[in-house]
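Respectively, the protein sequence lines represent chains A and B. Each residue of the first sequence is one higher than the one before, starting from 1 at the first, in this note's numbering. Each residue of the second sequence is one higher than the one before, starting from 1 at the first, in this note's numbering.
Just so you know, the hints here were simulated from the structure itself, not pulled from any lab data. We treat Cβ as the ideally placed atom computed from N, Cα and C, and that holds for glycine. It is possible that part of the hints are untrue.
[Said to hold, decoys possible] 27 Å max Cα-Cα, derived DSS-like pairs, lysine-lysine:
1. B:K193 - B:K120
2. B:K87 - B:K70
3. B:K413 - B:K193
4. B:K193 - B:K167
5. B:K48 - B:K70
6. B:K120 - A:K158
7. B:K62 - B:K100
8. A:K158 - B:K193
9. B:K100 - A:K158
10. B:K87 - A:K158
11. B:K120 - B:K167
12. B:K132 - B:K120
[Stated by the list, open to error] Here are some chain A residues pointing at chain B (derived, C-beta under 8 Å):
13. T58
14. Q61
15. S62
16. A65
17. D80
18. K124
19. Q126
20. S157
21. D163
22. A262
23. T264
24. G266
25. G267
Listed here are the chains, written in short residue letters.
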Amino acid sequence: MSTSVTASPAKNGAARLRTPRKAHSPGKPRRNVLLTVLMALMVLYTVVPLIWLVINATKTQSGLADSNGLWFAHDFALWDNIRDTFTYHDGIFGRWLLNTLLYVVLGAGGATLLAVLGGYALAKFQFPGKRAIFALVIGAVAVPGTALAVPTFLMFSKMGLTDTPWAVIIPSLVSPFGLYLMWVFAAEAIPTELLEAARMDGASEVRTFFQVALPLLAPGIVTVLLFTTVATWNNYFLPLIMLKDPDWYPLTLGLSAWSSQAQTIGGDVIFNLVITGSLLTILPLIAAFLFLQKYWQSGLAAGSVKE
Amino acid sequence: MRRTTGRIVRGLALVSALALGATACGGSDDDSDTKAVSAGDLQAALDKGGDITVWAWEPTLKTVAADFQKKYPKVKVNLVSERSGDKHYTALSNAISAGKGVPDVAQVEYFALGQYSLTKGLTDLAPYGADKLASKYTPGPWNAVSDGDKVYGLPMDSGPMALFYNKTVFDKYKIAVPTTWDEYLDAARKLHKADPKAYIANDLGDAGFTTSLLWQAGSRPYKVDGTKVAINFDDAGAKKFETIWQQLIDEKLLAPVSGWTDDWYKGLGDGTIATLATGAWMPANFVTGVPNAKGQWRAAAMPAWTKGDKASAENGGSSLAVPALAKNKELAYAFTEYANSGAGVATRVSEGAFPATKAELESPAFQSKKFDYFDGQEANKIFAESAANVASDWSYLPFQPYANSIFNDTVGKAYVSSTKLADGLKAWQDASVKYGEEQGFTVEK
């Protein structure tokens, strides 16, 4: 999946691919041993950890220590592990799951909404300062979130928002990359003539946006939503410095806390629950990818072929 | 003799430091601090009720907090308990310097107490009656929480050291359990020769373990008098440690595994790490972390540096302290006292915590407890004897958490390169001195 993302910023790439060499069609792909081997290695590299995770989620704590990492132990404890994960510490895992969902719905959802509105406006309206905004957005894409975490913490601390869910949600609302993606996508996917036609028919700007532009933007929206969802779902450093109360932890932080219990005097060592919890944590993301795949792929191809 | 003189000097320095402090910040602060809080005041606060927030990861506190709330129904204890170690201290320091969100009670390990007490981050608990509890505790932990007549926390648990060894492995290769560190070195050679995959211990350099071994060997690298600090690893005790450990490193007799990782738990379980010299709290971690090796391990007294010597040391252990910015100090102290000196101790011991109180350590029920994990061994006898043999004149630096954080960049090199342990310790000393001076301590070289 990730390979197709990197191959996608693709307009001039597609042009370069059209070389004068022997033509080949999607039905008769040219074989390339090196690429196949590389691809196989990549698949191994991405799939092996996943297989490891699935296999080890079936083991008890003692099974983990006894057995080879890439094969099953004698005991099959997957169901017990899942039950224990949800009941350990009065079921706090469930609470973390709900927290993560809350952060994703409000944070990633809000970020997508803002990116769609902003991207559309930047693509289809002329106004002074647009070039400056472009520079700002591109610059912002380059700044890693980790670098902003501490200044953000200090600011939120002044506002008295640390240790509340807002401290995680509000910074998640800003997604420069999502904005940039929506901007490029809107510029390609919405013919300006269509907007002019709608305006000429007397539609208001709001109505034009919702009834003409939004349906055309759907594939792009899904793409941005996936990106922001993954970013929010996996966010670790921001909640780490913002939150103290375990009741507001997202899954990432909760699992890391469980894992560090093994380093504590008298602490309960629950690597089996950490592993099972990690497996449960990635399932919703896998489901989201599979479910939204078709929208997402059609979105990536938009604008790459002359119609 | 030397110890007595040292104490007088330290006492004098402390008095002058306190006098300076008092002039500097005016009398008002000290008045409220030194005002005694009677048992009646505490009882009144408990009857009135209120909320306290406790930052602690010690797992048995959950039951203690529940019992406490049952006994005093108007008090609500918010136990915030998912974080430990570095992250805990970072959060605590951040809260103290921000002046906001400071807990009423915080778990602070002995090695980190100095950092908070010296910067006036903690409440002196003596006026609340903590000074009268000295005789209840073993000397190691009490020495760690008190400074002159000030008491900065109540000892929650302790870690008198013992040698845990895998009896199955020792029996298999007919190796005798070492009683001195020289014998330990021999055992390490024999074991690794018999099974190249097996090591006597794992060590990639661990600050807490190293300072504990120095403590046991009689080395006293840190001397602390208020803001005057001396750091010197060049003494006879340190030489003893360097000699033995350098040979273990040079002959590759230590498993290259970091403590507390899953590899480590695995090694303890499959016999490739055959001994572990650590605090008496370890059995609880064996039970949950290495369940598959049940019945294989035993406890023994720490190997001695000279034959017949019984000196022991502490490794790990923590206190509950009341930050200076705590909102509800009476309730905070009442809870601390309940958990660490009152009815909470029995609860915590029954759940597997290792006590710091003499009464529990000496009680027949505690001493004759049979450990299923150790195949019925009455291991507490060994631990209690070790607790009684801990020298009480050890002190950590007032910036020990920082010093420990640079351990791997200095001493740690000796474990992974050709740097000698003695040079590593010297580098650690120099870096600690430099930091101390930057922080405004008077560092004597």
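>> Taking the earlier hints as the rules, which of them does this structure contradict?
In response: 1, 2, 8, 11, 13, 17, 18 and 19
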